[in-house]
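As you go down the protein sequences, you meet chains V and B in turn. First residue of the first sequence? That's 8 in the numbering used here, and the numbers climb one at a time after it. First residue of the second sequence? That's 4 in the numbering used here, and the numbers climb one at a time after it.
Errors might be hidden in some of the hints.
Only some residues are given here: those of chain B computed to face chain V with a beta carbon under 7 Å [stated by the list, open to error]:
id	residue
1	Gly-72
2	Leu-206
3	Ser-211
4	Ser-212
5	Asn-231
6	Val-232
7	His-236
8	Asp-240
9	Glu-319
10	Lys-348
11	Tyr-373
12	Glu-484
13	Tyr-486
FYI, nobody ran anything at the bench for these hints, they're computed from the structure. All of these numbers come straight from a predicted model, not from anything done at the bench. Backbone N, C-alpha and C fix where the C-beta goes; we use that ideal spot for every residue, glycine too.
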Amino acid sequence: MLRDKYEVIIGLEVHAELSTKTKIFCSCPTEFGAEPNTHVCPICMAMPGTLSVLNEKVVEYAVKAGLATNCEISRDSKNDRKNYFYPDLPKAYQISQYDKPLCEHGYVEIDTEEGKKKIRLTRIHIEEDAGKLNHDEFSGGSLVDLNRAGVPLIEIVSEPDIRSSEEAESYLRKLKSILEYIEVSDCKMQEGSLRADVNVSVRKKGDTKLGTRTEMKNMNSFRSITRAIEYEVDRQIDVIEDGGKVEQETLRWDEVSGKTFSMRDKEDAQDYRYFPDPDLVAIKLSEEYIENIKKTLPELPESRKQRYLEKYKLSEKDANIITASKYLSDLFEGATKICNNPKAVNNWIISDISRILNETEMDPIEIPFDSKQLAKLIILIDKGTISSKLAKKVLVEMFEHPRDPEDIIDEKGWVQISDEGAIKDVVLKILEANPQSVSDYKGGKDKALGYLVGQAMKETRGKANPQMLNKMFLEELKK
Amino acid sequence: MNITELTVHELQEKLKNKELTIKEITKAYTDRMDEKEKDVQAFVTVLKDEANKKAEEIQSKIDNGEIKGELAGIPIGIKDNICTKGIKTTCSSKMLENFVSPYDATVMEKINNENMIDLGKLNMDEFAMGSSTEHSYFKKTKNPWNLNKVPGGSSGGSAAAVASNMVPWALGSDTGGSIRLPASFCGVVGLKPTYGLVSRYGLIAYASSLDQIGTITKDVKDAAMLLNVIAGHDEKDTTSINKEKVDYLKALKNDVKGLKIGVPKEFFGEGINQEVKQALQQAIETYKELGAKVEEFSLDIAKYSLASYYIIACAEASSNLGRFDGIRYTYRTKEFKNLKEIYKKSRSEGFGPEVKRRIILGTYVLSSGYYDAYYKKAQQVRTLVMKEFNKGFEKYDVILTPTSPTVAFDIGSKSSNPLEMYLADICTVSVNIAGLPGISIPCGVDKSGMPIGMQLIGNKFCEETILNAAYTFEQKIKFREKYKPEFKK
Numbered sequence: 008m009l010r011d012k013y014e015v016i017i018g019l020e021v022h023a024e025l026s027t028k029t030k031i032f033c034s035c036p037t038e039f040g041a042e043p044n045t046h047v048c049p050i051c052m053a054m055p056g057t058l059s060v061l062n063e064k065v066v067e068y069a070v071k072a073g074l075a076t077n078c079e080i081s082r083d084s085k086n087d088r089k090n091y092f093y094p095d096l097p098k099a100y101q102i103s104q105y106d107k108p109l110c111e112h113g114y115v116e117i118d119t120e121e122g123k124k125k126i127r128l129t130r131i132h133i134e135e136d137a138g139k140l141n142h143d144e145f146s147g148g149s150l151v152d153l154n155r156a157g158v159p160l161i162e163i164v165s166e167p168d169i170r171s172s173e174e175a176e177s178y179l180r181k182l183k184s185i186l187e188y189i190e191v192s193d194c195k196m197q198e199g200s201l202r203a204d205v206n207v208s209v210r211k212k213g214d215t216k217l218g219t220r221t222e223m224k225n226m227n228s229f230r231s232i233t234r235a236i237e238y239e240v241d242r243q244i245d246v247i248e249d250g251g252k253v254e255q256e257t258l259r260w261d262e263v264s265g266k267t268f269s270m271r272d273k274e275d276a277q278d279y280r281y282f283p284d285p286d287l288v289a290i291k292l293s294e295e296y297i298e299n300i301k302k303t304l305p306e307l308p309e310s311r312k313q314r315y316l317e318k319y320k321l322s323e324k325d326a327n328i329i330t331a332s333k334y335l336s337d338l339f340e341g342a343t344k345i346c347n348n349p350k351a352v353n354n355w356i357i358s359d360i361s362r363i364l365n366e367t368e369m370d371p372i373e374i375p376f377d378s379k380q381l382a383k384l385i386i387l388i389d390k391g392t393i394s395s396k397l398a399k400k401v402l403v404e405m406f407e408h409p410r411d412p413e414d415i416i417d418e419k420g421w422v423q424i425s426d427e428g429a430i431k432d433v434v435l436k437i438l439e440a441n442p443q444s445v446s447d448y449k450g451g452k453d454k455a456l457g458y459l460v461g462q463a464m465k466e467t468r469g470k471a472n473p474q475m476l477n478k479m480f481l482e483e484l485k486k
Numbered sequence: 004m005n006i007t008e009l010t011v012h013e014l015q016e017k018l019k020n021k022e023l024t025i026k027e028i029t030k031a032y033t034d035r036m037d038e039k040e041k042d043v044q045a046f047v048t049v050l051k052d053e054a055n056k057k058a059e060e061i062q063s064k065i066d067n068g069e070i071k072g073e074l075a076g077i078p079i080g081i082k083d084n085i086c087t088k089g090i091k092t093t094c095s096s097k098m099l100e101n102f103v104s105p106y107d108a109t110v111m112e113k114i115n116n117e118n119m120i121d122l123g124k125l126n127m128d129e130f131a132m133g134s135s136t137e138h139s140y141f142k143k144t145k146n147p148w149n150l151n152k153v154p155g156g157s158s159g160g161s162a163a164a165v166a167s168n169m170v171p172w173a174l175g176s177d178t179g180g181s182i183r184l185p186a187s188f189c190g191v192v193g194l195k196p197t198y199g200l201v202s203r204y205g206l207i208a209y210a211s212s213l214d215q216i217g218t219i220t221k222d223v224k225d226a227a228m229l230l231n232v233i234a235g236h237d238e239k240d241t242t243s244i245n246k247e248k249v250d251y252l253k254a255l256k257n258d259v260k261g262l263k264i265g266v267p268k269e270f271f272g273e274g275i276n277q278e279v280k281q282a283l284q285q286a287i288e289t290y291k292e293l294g295a296k297v298e299e300f301s302l303d304i305a306k307y308s309l310a311s312y313y314i315i316a317c318a319e320a321s322s323n324l325g326r327f328d329g330i331r332y333t334y335r336t337k338e339f340k341n342l343k344e345i346y347k348k349s350r351s352e353g354f355g356p357e358v359k360r361r362i363i364l365g366t367y368v369l370s371s372g373y374y375d376a377y378y379k380k381a382q383q384v385r386t387l388v389m390k391e392f393n394k395g396f397e398k399y400d401v402i403l404t405p406t407s408p409t410v411a412f413d414i415g416s417k418s419s420n421p422l423e424m425y426l427a428d429i430c431t432v433s434v435n436i437a438g439l440p441g442i443s444i445p446c447g448v449d450k451s452g453m454p455i456g457m458q459l460i461g462n463k464f465c466e467e468t469i470l471n472a473a474y475t476f477e478q479k480i481k482f483r484e485k486y487k488p489e490f491k492k
């Protein structure tokens with residue numbers, strides 16, 4: 008295959024919105040989804056005369072991210088201005104970091120088919136997000152929404168150490184899980200709070216010089232990142248095989264057509280004229296400050312996984328899935344602590360919950376119920392109040408209209424019939440109505456029992472306790 | 004009694020003795036504006052009716068005992084690059100012709116907390132870029148001593164309004180000399196505080212690392228009083244310094260015995276007008292008579308400062324003025340085909356030539372490949388200038404120079420030659436480059452009767468030292484009693 012002649016080189020620039028309560032240079036809230044231009048003030052609207060004041064939480068969160076990804080933390084850092092014009096950038100400069108980022112020289116470990124692999128991080132720096140342009144259907148113009156302007160971001164830049172779309176995905180998943188664990192970003196990809204610029208180049212195997220790279224901006228789903236890389240690798244190989252040259256350019260990935268398109272012409276090659284922001288003082292961090300943050304770092308996914316393997320005897324595969332997301336992992340631990348049934352919690356998370364998340368393209372953080380409610384559901388099954396079949400319906404309900412499982416089964420009348428008298432009435436009724444099956448069973452056809460139980464379930468609309476039904480049919484048939 | 008000729012501390016005295024009321028004072032100033040503004044052209048926005056109304060309100064609040072305050076009811080004029088809530092703040096630019104700030108600058112909050120009365124917004128060079136106030140989009144302010152001369156700039160409206168008694172005092176801003184130069188040209192007192200002493204929040208930025216709000220007053224005591232109001236840490240400006248509050252009035256001891264004054268000989272060399280030189284030499288003699296120790300020394304920084312000033316200031320300006328893009332609160336071109344044209348045409352039509360010149364210069368020095376040769380080098384020069392000053396302050400308490408090599412020049416005489424105009428700042432820019440405090444006070448007049456300014460430079464946060472030195476000199480020569488602007492036509 009043509010692909011086999013080439014090596015793929017990928018580097019990722021990941022932008023993660025930090026989950027600080029307020030913006031990076033003013034005290035406006037960072038919440039997503041508000042009415043346009045309601046989370047704004049003279050500072051983030053860049054009114055003349057306003058000045059930026061750095062939110063210290065942003066530095067703390069970025070240092071946390073740096074420590075969790077094995078970075079060196081800079082004791083002496085600063086903010087720089089990146090100058091360019093665009094209506095979503097009200098100051099006409101983005102405050103970022105140029106030559107003195109907060110964190111440098113880190114790495115993240117990913118699992119590959121050949122075992123563990125380190126993806127090196129060049130740097131992590133802090134910067135502000137821009138606003139948003141919304142197309143106005145009435146006027147045909149664009150409307151500027153500055154709610155997002157000034158929301159703090161960290162940009163995590165990897166070295167070109169990634170060699171395939173699978174590695175890219177697993178690197179990104181790992182990064183996402185680390186950021187979730189240290190609680191510096193909610194990493195909601197659909198809301199754009201985690202997004203990546205993907206740099207791709209190819210070279211013939213054995214070449215030592217890197218090929219020309221293209222950059223795909225603002226990708227915010229694993230699926231599009233994987234597809235876009237695959238497409239771009241093929242495209243670049245085709246160009247080279249046809250004797251052409253890959254152009255260094257910025258591309259836009261179009262999800263619908265499954266193709267990349269050129270975004271800017273070269274005439275617009277940007278010179279950002281970086282220079283230190285004179286409104287902001289240098290960021291000086293003491294050893295003590297960094298040590299204190301180190302102490303607040305929580306247990307990271309790798310160590311949680313080990314604990315799950317040893318203490319709860321989870322399979323490696325399940326432990327990987329659960330610990331990949333802090334929210335799933337917290338759900339697992341929380342529910343297990345209450346219901347004391349790690350196996351059941353594990354099964355619910357791995358099968359039903361994961362399936363619903365996949366089907367609804369929901370992120371674990373968006374699960375609308377908490378570990379207490381999941382534990383209650385499991386306890387209800389364990390106590391025989393509901394069947395596990397019904398429990399699945401309860402779970403769907405918990406996703407759709409979140410409330411306690413008891414309330415759901417009460418409202419829906421889904422309580423399992425475990426009353427002996429009531430079950431006996433049903434059994435007798437079914438036996439009376441199906442003499443043929445009774446004689447079939449007595450004649451040696453064991454299958455007939457299943458039919459009778461099925462009829463009884465139908466009669467009770469699935470609410471009869473199946474074990475009790477079985478037992479009672481057997482008793483009656485023996486008579 | 005001619006009310007508008009009084010200083011603010013004299014007005015205070017009359018208010019205290021019930022010789023005057025707040026309403027009378029404000030009325031006197033608005034009448035004076037009616038009389039003189041047509042000649043001087045110092046205001047962009049006049050708040051005549053608002054001021055008289057506010058005077059009544061404050062008067063009744065005082066009568067009811069609701070407010071006290073030493074400065075309640077004292078009028079003031081504000082340079083038009085300081086944001087005033089609900090009142091236009093134009094920076095004397097077409098770009099901001101209709102901009103009404105939604106918030107008050109920190110200094111305005113302080114002024115308002117004192118219940119002072121804003122008489123209006125004062126003309127300036129567009130975006131504070133210039134040394135003559137000829138670069139205003141709206142009007143050319145005239146020098147009250149001779150209406151054919153410039154008032155200096157960029158705070159020309161502030162200095163001319165104070166000199167012509169249309170306001171008792173005013174706020175200005177100083178990036179390379181923009182308070183001291185017009186104060187010198189108009190024969191008033193201009194104080195640029197140490198960088199970081201006064202909050203810049205709400206001052207429309209020209210060059211963020213050099214800009215500083217300061218005072219233009221009739222005398223040194225008023226400067227100390229107004230500095231008391233505006234100085235102080237502000238958490239909205241991280242470059243403002245958190246230090247203990249000082250009462251600058253207490254610094255005025257009328258005594259300079261033993262004060263060590265250094266006179267850098269380079270500031271008296273080539274290019275200095277002979278009459279200016281003589282006036283300064285006379286001032287030096289005065290200081291000696293007053294018991295100060297005056298010594299000549301070498302401080303060869305002026306020309307390097309000027310070069311690095313224009314690089315740093317323009318670089319920062321090119322970025323600071325990016326927000327005036329035709330999208331939100333600024334002037335927007337009438338016809339455009341696409342976004343690029345909004346930017347191009349709005350900025351081409353909205354900015355004046357001097358502003359464009361500096362934006363282009365600043366954009367150039369920051370562009371990739373030139374950054375090291377210009378911006379970085381200018382910053383290195385800046386460090387050297389600071390070091391040279393530090394050496395000076397190891398030996399001297401105060402450094403004395405002319406404020407400008409010349410007196411006020413004729414309107415139109417330099418506006419076509421930007422480089423010559425830039426030289427007007429040669430004595431003042433190094434003070435901004437080093438972030439030091441500087442004050443300009445009148446020390447005499449030339450044969451044609453135009454005032455000559457003397458600059459006193461102090462070490463960082465040594466405003467008290469230069470205020471006392473200036474005060475002691477002022478008490479001795481009594482400039483205001485001898486000379487008055489004549490509005491020569």
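Hint-by-hint comparison with the structure:
1. The interface hint given for Gly-72/B is broken, as the beta carbon of that residue sits about 26 Å from the closest beta carbon of chain V, more than 7 Å.
2. The restraint placing Leu-206/B at the interface with chain V holds, with a minimum CB-CB distance near 6 Å, inside the 7 Å limit.
3. For Ser-211/B, the interface hint holds, since its Cβ comes within 7 Å of a Cβ in chain V; the closest pair sits about 4 Å apart.
4. Taking 7 Å as the C-beta cut-off, the interface hint given for Ser-212/B holds, the closest approach to chain V being about 4 Å.
5. For Asn-231/B, the shortest C-beta to C-beta distance to chain V is roughly 23 Å, which exceeds 7 Å, and the interface hint is violated.
6. The restraint placing Val-232/B at the interface with chain V is violated, with a minimum CB-CB distance near 19 Å, outside the 7 Å limit.
7. Contact between His-236/B and chain V, as hinted, is not supported at the beta carbon level, the nearest pair being about 12 Å apart and thus beyond 7 Å.
8. At about 5 Å, the closest approach between the beta carbon of Asp-240/B and any beta carbon in chain V falls short of 7 Å, and the interface hint on this residue holds.
9. Checking Glu-319/B against chain V: minimum C-beta separation of about 6 Å stays under 7 Å; hint holds.
10. About 13 Å separates the beta-carbon of Lys-348/B from the nearest beta-carbon of chain V, more than 7 Å, and the hint is not met.
11. Violation of the interface hint for Tyr-373/B is found here, the shortest Cβ-Cβ separation to chain V being roughly 10 Å, above the 7 Å cut-off.
12. Interface hint at Glu-484/B: violated, since its Cβ lies 39 Å from the closest Cβ of chain V, which is beyond the 7 Å cut-off.
13. Hint status for Tyr-486/B: violated, given a least beta-carbon distance of 36 Å to chain V, over 7 Å.
This entry does not satisfy hints 1, 5, 6, 7, 10, 11, 12, 13, going by the numbered hints stated previously.
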